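Protein chains: 2
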Amino acid sequence: MEIFYSADVYGNSLRLGPEESQHCAKVLRKRVGDAIDVIDGEGTLYHCTVVNDSPKGVEAAVNEAVNNWNSHPYRLTLAVCPTKNNDRYEWFAEKATEFGADCFVPVIGEHSERKVFKTDRLRKIILSATKQSLKAKLAQVREPLTVKEFIKESAASDAVKLIAYCFEEENVPRRSIKEVLAGRGSDEIIVLVGPEGDFSREEAQLAIESGYVPVHLGDSRLRTETAGVAAASAVYFEYM
Amino acid sequence: MEIFYSADVYGNSLRLGPEESQHCAKVLRKRVGDAIDVIDGEGTLYHCTVVNDSPKGVEAAVNEAVNNWNSHPYRLTLAVCPTKNNDRYEWFAEKATEFGADCFVPVIGEHSERKVFKTDRLRKIILSATKQSLKAKLAQVREPLTVKEFIKESAASDAVKLIAYCFEEENVPRRSIKEVLAGRGSDEIIVLVGPEGDFSREEAQLAIESGYVPVHLGDSRLRTETAGVAAASAVYFEYM
Chain A
1 MEIFYSADVY GNSLRLGPEE SQHCAKVLRK RVGDAIDVID GEGTLYHCTV
51 VNDSPKGVEA AVNEAVNNWN SHPYRLTLAV CPTKNNDRYE WFAEKATEFG
101 ADCFVPVIGE HSERKVFKTD RLRKIILSAT KQSLKAKLAQ VREPLTVKEF
151 IKESAASDAV KLIAYCFEEE NVPRRSIKEV LAGRGSDEII VLVGPEGDFS
201 REEAQLAIES GYVPVHLGDS RLRTETAGVA AASAVYFEYM
Chain B
1 MEIFYSADVY GNSLRLGPEE SQHCAKVLRK RVGDAIDVID GEGTLYHCTV
51 VNDSPKGVEA AVNEAVNNWN SHPYRLTLAV CPTKNNDRYE WFAEKATEFG
101 ADCFVPVIGE HSERKVFKTD RLRKIILSAT KQSLKAKLAQ VREPLTVKEF
151 IKESAASDAV KLIAYCFEEE NVPRRSIKEV LAGRGSDEII VLVGPEGDFS
201 REEAQLAIES GYVPVHLGDS RLRTETAGVA AASAVYFEYM
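Residue numbers (the working numbering), protein chains in the order written: chain A, 1 to 240; chain B, 1 to 240.
Incorrect hints may appear among the rest.
Note that identical chains are pooled: a pair holds if it fits in a single copy or bridges any two copies.
Unchecked claim - No farther apart than 30 Å at their CA atoms in a straight line, the calculated lysine-lysine pairs in the DSS-like style are these:
#  : residue 1 : residue 2
1  : 178       : 152
2  : 56        : 26
3  : 26        : 84
4  : 26        : 152
5  : 56        : 148
6  : 124       : 84
7  : 118       : 84
8  : 84        : 137
9  : 137       : 118
10 : 148       : 115
11 : 137       : 115
12 : 26        : 178
13 : 152       : 56
14 : 148       : 178
15 : 178       : 137
16 : 124       : 56
17 : 124       : 152
18 : 137       : 26
19 : 178       : 56
Rather than coming from a laboratory, the hints here were simulated on the basis of the structure.
Please read these numbers as outputs of a predicted model, since none were measured by experiment.
Chain A on its own, in the form it takes in the complex:
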């Protein structure tokens, strides 16, 4: 099943952007009268008929709109520190999108080697993974902020807030993410994953004071990007 994306839906018509139009009319040779499926990135899938097959701007008439197409029953925010190697973070974003992540927040930790992060490529990768894994809703990509900024910002949220780090804080034993998710009180979930150098004790303390539950991701020492995917798959399987 080939899916296109349009940010330009008006009434019972829609228009594909330049790249999608090229792919639709040039590569896949869709012609006037052909059926195509288009997502709006907001959660709706449109069954359409091509009415203009120009590679410069494909236009289609909407025959049927399916709201909340292939949606999942939770909202997962992954606040994961960028990895030294950018490919690894892009890979994490692609896979977490396939498992079903709703929001990506590149957070910069005190031990982060990478302090600057560009989100443009990430958005492209997420769009492609969204279409490939048959979803109609595009995950949000936030601009980078520091771990402490994000923790303070989310302190008031009544989401299930988890922070995964690898050390032990006094009197605050970590529980497994599986155990905490099983007893969750909300379907809004936030998971914080640190950089290669892990979170600082200060960041961990601030998170705990802000209502984050310290969790571990099992006995294996996982790379940052693997920890991010582990969190996404843990939620995915919890709701399976």
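Using the hints, position chain B against chain A.
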């Protein structure tokens, strides 16, 4: 924690191979008297002292041997069809190793575009992921065989045998991998994952006749390499 690998343990001494010796003596500048940790790939971790710091062949004396170091309570075989793009398969092998896979079998399906597969690079990636994720046992890498050959070979095994495909076979409803793992009758688990074009109906039928349970990996359409990682993480979380 930096871990080295040696296939050459004799009595209370061991020798590192050329690459590991270079890394140990040249890159990390370990000298006679320094402590190093070495795995044998069979499940044992050795706490050692360097007795010869030649980059051509580091030798160490074993102070303590820890058997079954960081071992997991199951044996997972992942028989996954190679992806068109080799990087994706190597990525799958790295991540599945982090989650804890014991055997990789590149199986060639009737719908596989890639019919030839070289295992050398995979072994390197798995060794590095094994050390990185703090494991002492190296996953086995089988030479490629066809899906049907592997199914016939495993027919007699009393492992929990799962096959993940995306279509529906008459009278054989697929259950979720989570549900089947929860009711498993063995800690020996085999998961078969097909190529981009999925398994053929014949392959699926043969698997079912050979004791494989058809499973799905949830509502998301996962790429082949993501399905492989999903299977590894499902088992990882089931035993968490």
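Problem - Numbered hints the structure breaks, given as an ascending list - result: 4, 5, 12, 13 and 19
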